[in-house]
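With the hints in hand, could you dock these two chains into one complex?
If you want the building blocks of each chain, they are given just below.
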Amino acid sequence: MLALNIFAQQVAADTAPKVFLVLALLVSLFGFGTIVVGRRTREPVSEIPSQIATQTAVKSAESVRDRLSKARDAFTGAISIALTHSSITQQTWDELEEALLRADVGVATTARVLGPLRELVKIKQITEPRDLISALRKEMTAQLSQNIRELNFDASLKAPNIWLVVGVNGAGKTTTIGKLSAQQRALGRSVLLAAGDTFRAAAGEQLETWATRSGAEIVRGAEGGDPSSVIFDGIARATSRNIDLVLADTAGRLQNNTNLMEELAKVRRVADKGSGKVTEVLLVIDATTGQNGLTQAKQFSLATQVTGVVLTKLDGSAKGGIVFAIETELGIPIKLVGLGETIDDLVAFDAAEFVSALFN
Amino acid sequence: MFETLSSRLGGVLKGLRNRGRLTEQDVTQVLAEVRTALLEADVNVTVVRDVVERIRTQAVGATSSTALNPGQQIIKIVNDELISMLGGETLKIMYASAPPTVVLLAGLQGSGKTTSAAKLASWFKSQGRQPMLVGADLQRPAAVEQLRVLGAQLNIPVFSAPGDPVNTAALGLAEAKSLGRDVLIVDTAGRLAIDEEMMRQVKDISKAVKPNYTFLVVDAMTGQDAVTVAQAFDATLSIDAVILSKLDGDARGGAALSVKHVLGKPIAFAATGEKLDAFEQFHPDRMASRILGMGDMLTLIEQAEKVFEKDKAEETAAKMLEGEFTLADFLEQLQQLKKMGSLQGIMGMMPGMPKELKNAEISDDQVSRTEAIIYSMTAQERANPELINGSRRTRISKGSGTTVADVNRLVKQFTEMKKMMKQMGGKAGRGGKASKGIKGSEMPDELAAALSSRLGPR
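Protein chains in written order, with this note's numbering: chain W, 1 to 360; chain D, 1001 to 1458.
Here chain D stands alone, though its shape is the one from the complex (with noise of 0.2 Å):
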């Protein structure tokens, strides 16, 4: 929906493709569209204007590098920058010499806690420790019921008592040190940062618990309002660490950085979706990235490297630029790709990717019709599919329940596109190795800078 940070440099920049330096006239240009998409992300106001104050020193007479044009540089000079305000101090979680080590969490309504409490109670079992609920949400209706079902699938035991929250609460803490549990994690109602009364209650329940840390649960999706909430909870209950929940949604995500630079403490872990154990620690690289519209790539590669085995994958990438790429090895690789998840939701991910592209509908019955014309040849037709002559294609056709012309475009395409990896590998080759050949000129701007971001200067 947004234009990502590079489009919107494009025509600014235009002008001054081929100068090595920026101008300081120039860079005021460019800050105003780093402006609008930091604040298009949901970054606090005010917070944009101390970013954009530090990209313009930074920016002002930013040497020429050989390996970037202006954009990619700026892009670059802006990545870092969100990264090393995201990042900084990470938390690691010191436990209690007497346990159990308290947690408790805490947030607006709907912002993930009871989800959020669950998953991370996961985390800490994951981490070899005995970790024990307890529900101290005793206003919304069935909450506590919704942590005793999470707790049941995960096998981690549930307190609570009706009545009072911070009674419970403490009720919860005897309960975890007579079952030696060492880790007890606190779950409150969502309430309102302004509400004094629920403020109160939730720093009484605090004072009941002592906490060894304090977690404030955020949604990805939270605008403005995230430094007021942020800070409000903090005056209140002294937050430890910041929690990210539905990350696994499209929003930009600006939220983070704002809390992160008025809270100054670190965002330690993001929900990543429904099921219970997708819950990870914080990257800042993929969040400023993020932030930036640059597409998940990181989180693509990580989701790849998952899936893929790496041999393998090497293996066909070098034939693809040998131009020895078969169907058969289409068939494999998309097989593993289908693992990722909806093609269409990998696409979207992709930066730099022609919009036409990012909008192409990819459905299920699509794939499967490709598929099924694979699987209707035989070995030495995937092997070769220049054998495909009419009768065979009218015994792929027919196998597949496509028509001659569904095989006939397969067919063309697939050699279209291995003249075109044949073309990438010869020069790749003149380049050495093919990712050496990557030159920033020739590759998406986003693409250029998180990669030079991750591989340090040249």
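For reference, chain W alone in the conformation it holds in the complex (with noise of 0.2 Å):
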């Protein structure tokens, strides 16, 4: 096994093209995989689970809102505890840390926000628990300022503008473009919804729902054909017909799959061949999502040149802090905020709103 090490090291050091050495070193592992593999044991399966006795809450219908500042009030204490402390301790760092985990802004981040403050707190510019928590609001909602947030459409284009829409399964592709078409349209653009999910069942049927409702045409192709073609029809017809928008669905992969990557790498490409233009391509990231989205947004970056992030589900519980980590990373903007299931629940983003959010 040493032997594998250095093997390995030399490997790596190696500059020259060396896909046989790398080659070489998967077969050789896997020969010796295989004999590690025979002394592996199984546990045998047993035992069934214990009952919890149940019990609900219920109340009537509320509005998008007020949900929110309902899943928001559930989270204060926190903070609210080094609030009532007189001078910054080593409790109140630890709040203020906490808060920004519990938010999913993730550790690296957290640290890099929260090392400023430190010294300024060191040198006595700050002193109250209170001065110190709305610093850090503002120097987050600051870091979060500088980037352009309305969604790209060229209007002297004499072609179709292009949004294309990707990310991972269930993040909310499909119901976004649905409530983008409806929003266009009521802008008074003429919308096409091409259907390029065509893994997932019934994807088609999904946006062919939407497409009734926001009175956009919409292209289909075959269940499990090429995505690439759909969009390069869809853009196509829309040439064809003067429509003003292609929003362009894709089916849900996870980033680490290379092949569905290199599909919708592929799907960019054709796009960008087609007679219009690819003005807007939005990563859609699902607001309870921990800290792989920061590996989404670069995957999917690579891909196809993410220009915006569409952060979805903030209605619930989770509070979707790893956007936070994106924008302020890689440089990639959120531009819209999905609030729940209705077509206004798309919201533009507010950077005040978010920071602030984070912390209540």
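Here are the computed lysine to any residue pairs in the SDA-like style, where the Cα-Cα straight-line distance is at most 20 Å:
no., chain 1, residue 1, chain 2, residue 2
1, D, K1275, W, G225
2, D, K1275, W, L260
3, W, K298, D, D1248
4, D, K1210, D, E1175
Derived by calculation from the structure, the hints in this document are not laboratory data.
Right, dumping it as structure tokens:
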């Protein structure tokens, strides 16, 4: 095994084309891996789980905004304790850190935003917990204010604008497209939906429902067909009918699936080749997503040059703090926020509101 | 993207490589790194606190081990603790004496309920049951249609009726009874845990079908909120077990630990791919390594088991150690390896791989060029590359559409590799059999700790 290790180091150090060595390394590792396998044991499956008494609280329907503020209320606590103290102690810092971590901002980003404040406290420029929290809010909001958040629509184009929507499975791409379509129709633009999710069963039907609801056209391909060609056809149809905007749906994919990411990169290339122009590539991120969101943003950007983030499902109890890291570390602006299931629930991102919600 | 636990610990432990025992002060430093690693894996803050305390008690004064250095020892303690927290009770389905056995699925929007419903139905079918699916998600456009398509692919009946989901579920149960299906899986709409109206609705569905099992579907990419969601669904529905979805992604999956810890209910299944049979029972040991960023070694080994013929692999390994490995053997191994999926992906799962290697591009193009070169050789040349002289080289490069330099490089690298293999064989020879020659200090920390966890104390 030592030899394998050295071998690995050498392969890594060698700058010459090393495909063969890498392959050889893999092959040899597997030769030995299989020997190790022989010694594995398996645990028997047993036992059934216990039950826990159920209880539930029930109330009548509320508006989305009410629900949103309700979600926030449930999470006061951490910071409010800090506020009761008269001086800044280790506990204050711990509470601030914990609040950010709980909001999925991430360890590294949390350390990054708290670092400069520690300096200010050290030189006694800040002495009160209340001031510390508002300084932190201000700083985080400032870090989010460098980006342009409007959706790019080039009205001078003679051909359709194309907005490509990408993301992992279940993030909310199709729903986002439905809402976008309705909003863009309301602005007086003609819209065509290209059903590029040819993989998931009935994804086309789902998009068709949204097309009908929003008064948009739709181009669908065969289930299991080539998504690039569906999107290409959509663009061609939109061009021939003088449609302003093509919203291109894509199948959800996990960013470590190389083949599917390559397929997506092709979708982007093909969309670029058509008669229209890709003016927006929106990455949809679910607010419940943890640290993996950063990897998602990196990989999807590599494949499709993402121009903006849509943060969905922010009306739940999750705060979506990972998008703070995405915008400040990768420079991809958060453009829209999804707050519910109706068409009006897709709204422009507001940095100050978002940051203050992180602490509530 | 994130450092593995062992690389984090590396700096802290450098000073005490040669000391057998960890002092309390060492442990505090080490635990800070453990905490960070767990947080980066999305384990809930509160849960992290508990885990770290459990580990502290074990780590202080941990006895020195001959097999493991302090770093490996800590990783082993953490790994074992996570395994025990993730494991424990497993779920064994007890089928209802009066069929059907009803399974209710619930979860947030986009967590993967509909796909999991179909995969679960397929699993029951593979257990010799006759499942039926009920589409009670009348909220999301075409959700029922999606379930119908999946059901048709699996040849499993799907029932749904428009109108009210509670009523639909009840009708579905009646239908299953009249058709004599013995398992009924009810798919419900995604809902937010704080949406009281929707939570009441799912509770009503539960009352209407009286499920034998209620599964919460949790996305493996979920962050801190996993705890809140799990608690809320458990309070409403009394969850029996969890299905972890999208585990084929590269999220560390700390949510699994959070949910297991707060609910105390087993994680029964993991969804591991796009295909409908990519659904398996949950393995706590693999999840532990994954949360610690140790590469999914065991998954890798299992995948290898599927495609590699064991006898042949052992034969090849023996050949390698004796330096009798030929290009023909290499080609054969490469074909097997390719069956496991993208080589890049495999490389990424390998623990302890140098970063440069993990990031090395291995395109299909390069692989097929390598294959082409070997294919263009005669059997004798594959067995004995030293035969390859100038004119043979030109022939091979022409035959494979590559350059003479490419052929040269391949032959040179193959010779190097063989030498390396032989050296390894010499080492192993002194220690007895190849696998017994492995010593803790000579392999990547993660691998040592993972193997040690599996093989038990020495």
